[in-house]
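Chain B with the ligands: place on chain A using the hints.
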Amino acid sequence: MPVLIVDGKELPGKAGTNVLEALLSAGVDMPYFCWHPAMGSVGACRQCALLQYANDEDSHGKIVMSCMTPVTDGARFSVSADRASGFRRAVIENLMLNHPHDCPVCEEGGECHLQDMTVMVGHRDRRYQGRKTTFKNQYLGPFIGHEMNRCITCYRCVRFYQDYAGGNDLNAFGSRDRIFFGRAESGVLENEFAGNLVEVCPTGVFTDKTLAKNYTRKWDLQSSPTICQGCSIGCNTYTSERYGQLCRVHNRYHQDINGYFLCDRGRFGAQHVNSPARIPQPGIRNEEGKYDPLSLDDAKAKVRDFIQHSSRTIGIGSPRASLEANQALRQLVGAGNYSNGMSRNEQVMHQIILDVLASGMKTPTLAEVAEFDAILVLGEDATNHAPLLALSIRQAVRNRSKEMAGDTDIAEWHDAAVRELAQDALSPLVIATPMPDRLDDVASQSLRLAPEEIVALSTEVSMYLSAGSESTASQASSVAQGLAELLRDARRPLIVSGTSLGDINIMRATVNLSLALQAVNPEAGILLAADECNSVGMAMLDNRLSVEELVDRTPETMIVLENDLESRLGAEFAKKMSAVRHLVVLDYLDNATVSVANILLPAASFAEAEGTFINFEGRAQRNLAVFLPQGSIAPSYYLLSTLNDDCLNDSFNDSLNNSTESVSSSHQARVQTIIESIRDEFSPLKRIDECAPDADFLVLGSKIPRMTHRASGRTAMQAEVSVHEPKQPVDTESALAFTMEGNQQQAPASLRSYVWSPGWNSNQSIYKFQTEVGGADTMGNPGVRLLQGDAMPAPFTIAPTTAAQISTGPRFVAQHHIFGSDPVSSQAQELSTRIPTPYVRMNTETATTLGVSGGDGLACQLPHKRIELSVILDDDVAAHCLVYPKLVQTIGLADVAPGDLQRIAGWQGPKDPLKPNLILTDRTG
Amino acid sequence: MSDLPLTKNINGKTPTDLTQYEATGGYVATRQAVGAMDPDALLEIIKDSNLRGRGGAGFPTGMKWSFVPKPGSRAAGEGHRYLVANADEMEPGTFKDRLLMEQDPHQLIEGMILAAYTISADIGYIFIRHEYHVAIARLREALAAAEASNYLGAHICGSDFSFRLHVHVSAGRYICGEETALLNALEGKRAIPRAKPPFPQVSGLWGRPTIVNNVETLCNIPHIVAHGADWFRSLGRGKDSGTKLFGASGRVARPGCWELPMGTPIREILEEQAGGMAAGYQLKGFLPGGASTDFLLPEHLDLPMDYEPVMQAGSRMGTGTMIILDDRSCPLGMIANLEKFFARESCGFCTPCREGLAWVQQILDSMEAGAGRPEDLRLLEDQAEFIGAIGNTHCAHAPGAIEPLASGLKYFADDFKAHIDGKGCPYKQGAN
Ligand SMILES: Cc1cc2nc3c(=O)[nH]c(=O)nc-3n(C[C@H](O)[C@H](O)[C@H](O)COP(=O)(O)O)c2cc1C
Ligand code: SF4
Ligand code: SF4
Ligand code: SF4
Ligand code: FES
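Quick note, the sequences are listed as chains A and B, same order.
For the first sequence, the working numbering assigns the number 100 to the initial residue and increments by one for each residue that follows.
For the second sequence, the working numbering assigns the number -7 to the initial residue and increments by one for each residue that follows.
Chain B extracted, bound-state conformation:
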């Protein structure tokens, strides 16, 4: 029973194959549960474990699954039921799912088998961004091996349960990571998010009950099933259960990705894992959970990486992968770069995001170029408010996209002002 179950097979060198995976207890949970356990009992375990989605929003996984209509009920209708692993991972600064898929593909596959069994899904897809070609190849290999061993396909492990799993390579847009845009893309339609409700649990892929989970979320499932909810809850250092892959990028001594207990203080991640700031750089701020989260400041370093404390500090745990802003990099430049990405990745469906982000990008670019005007600050604030709240837009892309700007305006107001007053970027003018 490892304290770091997700990465216990990962040595950073050779990926785990089926034999090695089985040798460390892999597929035991599958053999024990599939056909033998009541899916509802499994669901209870997941609920009890208090596992929360690792895709960014932190929604309790067991609760999400419980919204799938039971087979045979009126709302369930007739036909296939789907499970989708969201392996789009296009959030700038996030590279945790990649590690899991490249190094230990069977862990994801087993997680999907157990999840599918719990929600009675008969078809699964791993929706993966096309740049992840190593992961794609390894997943395909692993799928074949799992099929050959009857962990996948018809009558899994001799039970009545059948589950076919496919790897679907995305044509590549950030918005394809939004779960309903993902479903549209999978159907061959324009990758535009759907309005919720109805949620995918009720009307998902091809209008059928569907669960979309993040890769990391699914990777937790085999361990929870094998070792129980209490064990999983005990792994967390704070209120949240389990472990999490945390990451750090930017000017730290050792950028990387580490599995640590939930609730690990940010300072610990930054100083002990990432080795502190790179020589000659000071910490100015950081995005705690990927590009679409609000900035936090050095004063927030002692916060535990748990959903609620980070939220209370005004940001989000997101994907748990931090992007570090150092004292010699221009915050406005960083924000401009991110907004450029987000504006480009807008699906173009709703007005605030489609038009609003493009405008924000233009204003930031002009500030960088020295053409900022005092009234631009007001404009940016107005736009941030307009775009910023969930519900103002059709999906969560724009509110997420605006978080670095909204928090940047608050924390780095002096830097913005300096760009306007000095007609250009002070960081570029000084020796850097």
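Next up, chain A with everything else stripped away, as it sits in the complex:
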């Protein structure tokens, strides 16, 4: 290992990294701006300067940028020399010339990297007398605010947006000291990962509008480590609250999953917690169909009564609820009366995922995806259905450029140089989907195929790969042959598929292809994206009875946990629910199922309830409550388990504070009891209690605080009641406390509720918690991957689809939309303007068969609603496919025969149904 000599001391370095990384990895407080751990170096800001000495005799040294200097054994540097620190101070002084110093009104204040670096370099007195450059700000959509005057021109935003996330509507404009970062004109930033600008920008140029709405400084936020509920990826997040409102979601670094980033569904969709559609209290439906409020005790008594007097009570769980809530329900109704809340189709698909994860097949983490040098995507719309997977694939296609850089002796971190060298050379990525894909721009080949054609193609490729003889092989089409050879000859090929088209055969064919491939290329991997944040967990918990099967058993009472069965199974199925005598629904947001419940119980959202979720790769992760739910709202696991054991405590909050005097070892948190029952009952889940310590966990005698350490007193938020500090609520359910006191620095990663380190108030402080820059957490990466095995699954038999069997009639294909297809995040107010209006997309030929043209409107009448769709002509849609967005409004469309669609006379549809409503400003007055 190369050793650097910095200010006379030896410092370990790693070959292939740069000096800044070495310094940071060693814990040195080295200032920087433009370098980013995931994006490498470009040398723009000049903040990371130090002195490098040419040799042992050199005592003068030369200013170099640590981020642009490769680690070489024995190289001598000084960070502390006056010339070095003076230079770094001068960088800040110059950056500050035009900076407005509006910290008091800046959303970034208190967690601003520019503030931190300014203090760190010791620049204090302003010597500049001139005017400041000012810019006009832009409206960038509902998520992100823009205050260009605060810009320090570090170029991080455009590098993230264009180079890393593949966006093309954010640019650097102009030159000299008048560089503008924004769009060519005001308008919504289109990229699905735009929200990361908020964290990537080291100042307050790009800020989180959802935070601005409920604005609170970082030091006043109450936060906890949470798991994103937006999809099956399971990104790690910090969710923060104040005054009972969710303020914002930030990235929580996880080396194996989301790294430094999140998608906009995850970041902004969490605002559903603040939705006016939240269910505030228990209710009972009266004759008019309205809900009368009910006390929690009365509501529970009623439910107990239903259960006692019903011949059969069933429980419908949910792949978006925690394992704990599902287990509590299962215990309440008995295993034979419990379904994990998935349809038959979903259960089969997720069983396939489970079997693959538990086998000897190579199932990479998201971080590992970036190491594959040839990728085939079969029917999975990663960007819309598992967004961070798409971000990883975008990095994986850069492997070709990294190889080229290796051949030319250019270091990987030398980002601009690698990009200039490689230009548009990319590793092969082949995408087979029915509709245009957001990754097409980096794909070497995009095949537009109907779902059954995707199955046929992958079957053909598998056959070619396993063909013993020339003659079988030669029957394969040239496309299939090309694909087979590409995958076989790659260093590490990866096949990606998932549940986004809801097609079991695509997943089976993917498994078969991966098996065939692994036989000829042992490095081959397979990645299957699951559907919801706990779909894999549900398949692991109890995948026996589907919702359809269970509901067919004529229950008298049915308890539905956080699951809108109408959007899952369609309106026809929903009718069956009405036939059940007592329908009890636990949920936190209004939906179709909620609206037909007899008794409604107000469930806590993810931000108010602890729970374990298992992501697409079988990793169990614990989500911890950020704040206490208001009133009688309670975590579902709590509501269900108290139904079971006659606990009469009305409110969850009281139960916490009254259970025992603060924390004592005799108290067994309710959630812990459930976790232990899961652990003991299901052997594949036996390690779930390892994903976070329980409520008894202490660091130096205290629980882990949810707030930043005490800098002054608490706030005066309750001063009108009493000037004394109110006693903070006690959390006996988790290892976290609602307080400022305690030790965050030494908390395990699964309990760390924010990142902060002395001098590093921004999220950049994460490096202080990494074993090395971009490496593992010093306290161990949180979560546990539960599934592993050595056995290879047997290939599936898929009824062969010959060309003749592929139907040539038009058929519906639902497309996921990052904004709109997940019913929970869609209820976040900010997301609503980004949801497409219902459309149907088809190629010209299919349109001709249907007798429609672009811009037409089509309608169909369902029993209780009418669906209207704008026709979009797009020759990049596979033949015969009628692509429509999976939205609440389009539920049930799949059951309609395309021939039954009616043309709407005089249709005045939206101009561009795919684009969000264009609002050019959100300023009032």
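Take these hints with a grain of salt, some might be off.
If we take Cβ atoms under 10 angstroms as the criterion, some of the chain B residues that face chain A in the derived model are [said to hold, decoys possible]:
no., residue
1, Ile184
2, Trp250
3, Phe341
4, Arg346
5, Ile382
6, Asn384
Please keep in mind that the hints were generated in silico from the structure rather than gathered at the bench.
From the three backbone atoms N, C-alpha and C, an ideal C-beta is built for every residue, glycine too.
Quick look at chain B with the ligands alone, frame taken from chain A:
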């Protein structure tokens, strides 16, 4: 064999066409070398000639070319290889490349053919500033003529060597003259310099091996190939080889541009070529190599215009075109004017240049306007140190830009002080 090979065809009136160019020995070197000589042997000749780049930095041309990976090697990769002539010439006070391109375009083209042959480039660009429309037209004409005579295009002179040459007109920024910003501009990207290493020789235009040379550098090549390295070395009066186009602007009797041997003393250029100072003016100082070089004083007049002696005196030979400061012009005004230009032309990529030059400009402007404060001198010194060293900034623009200021602060301290004490420019107050 002319002692002044670069301008031997230039009479200041009619430009040289193909026939005239051939009549004075033009394209002989091309016919002799292309296809017949080993490119490595040519490279040796250029190395031996000790030709140094005329674009400002004076880097040995043969050595630069030798860094281009040999075709077929691992680092060479697959694809095109490029040669670019840097004809951006936006350095204030510099107008030498213009003369060469307007008056004798084939000389540049032949230089590029031979250079391309040496480094196995198959595509070439002449990157030219758009204000040079006369040169652009003449180059295009000359390219067509050379193509028609098979000096350019496929199988040049019947050999296996093919080379296509294009004229690319810049959209116009000073920074486009910096060779890597030039490459980005040529690719259609923002004209921002690239970090070096990697050097363009390894990863240049579109990531491929590329050589960027100044127009004048390339114009020397045909003569070196035709007459040999020894001859070329013998042309210089001092350590450096060949001749150079020197220029003088400012209040001299005859501003202009002349080809003279390398190592010609500055006094000779100023007095014999430029005719001394204009009547009524005294020499106060001069920038020896264009706007981005340090001031020298009358005491430096006997220095030879060779790379090292000028460097030792604290300045740079740069482009070899002097800007003269006379005794009746305000040095601070001159510096302020230059810094305004340099601040405006900053690409905006790195902090010291983007912010630092703009601040310097503001301070100088306020001094000129009579609002200078004593502490401003310290500020200017701090800024000059901050911006001034190669390595402090992402490219050489800012260190070059600050040279007139840094040296001005040293040599004309009294003038700076007078602006502050007198609350304004003493040169404007007196009769001028
Ligand atoms: C800001 C800046 C502007 C430059 N402008 C020019 C120019 O206009 N013409 C030129 O030949 N070289 C210019 N250069 C130098 C080039 O970067 C490069 O060194 C030169 O073209 C190499 O050619 P040579 O080796 O033949 O001298 C400039 C450099 C800088 C830093
Ligand atoms: S907007 Fe932010 S990220 Fe972009 S250049 Fe400015 S300071 Fe950097
Ligand atoms: S990719 Fe999925 S888990 Fe990650 S932030 Fe987006 S919605 Fe959440
Ligand atoms: S010194 Fe920096 S800002 Fe100035 S031109 Fe060079 S790269 Fe651009
Ligand atoms: S962090 Fe090194 S130059 Fe910006």
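Verification of the supplied hints:
no.: 1; hint: Ile184; verdict: holds (9 angstroms)
no.: 2; hint: Trp250; verdict: violated (35 angstroms)
no.: 3; hint: Phe341; verdict: holds (5 angstroms)
no.: 4; hint: Arg346; verdict: holds (5 angstroms)
no.: 5; hint: Ile382; verdict: holds (9 angstroms)
no.: 6; hint: Asn384; verdict: holds (5 angstroms)
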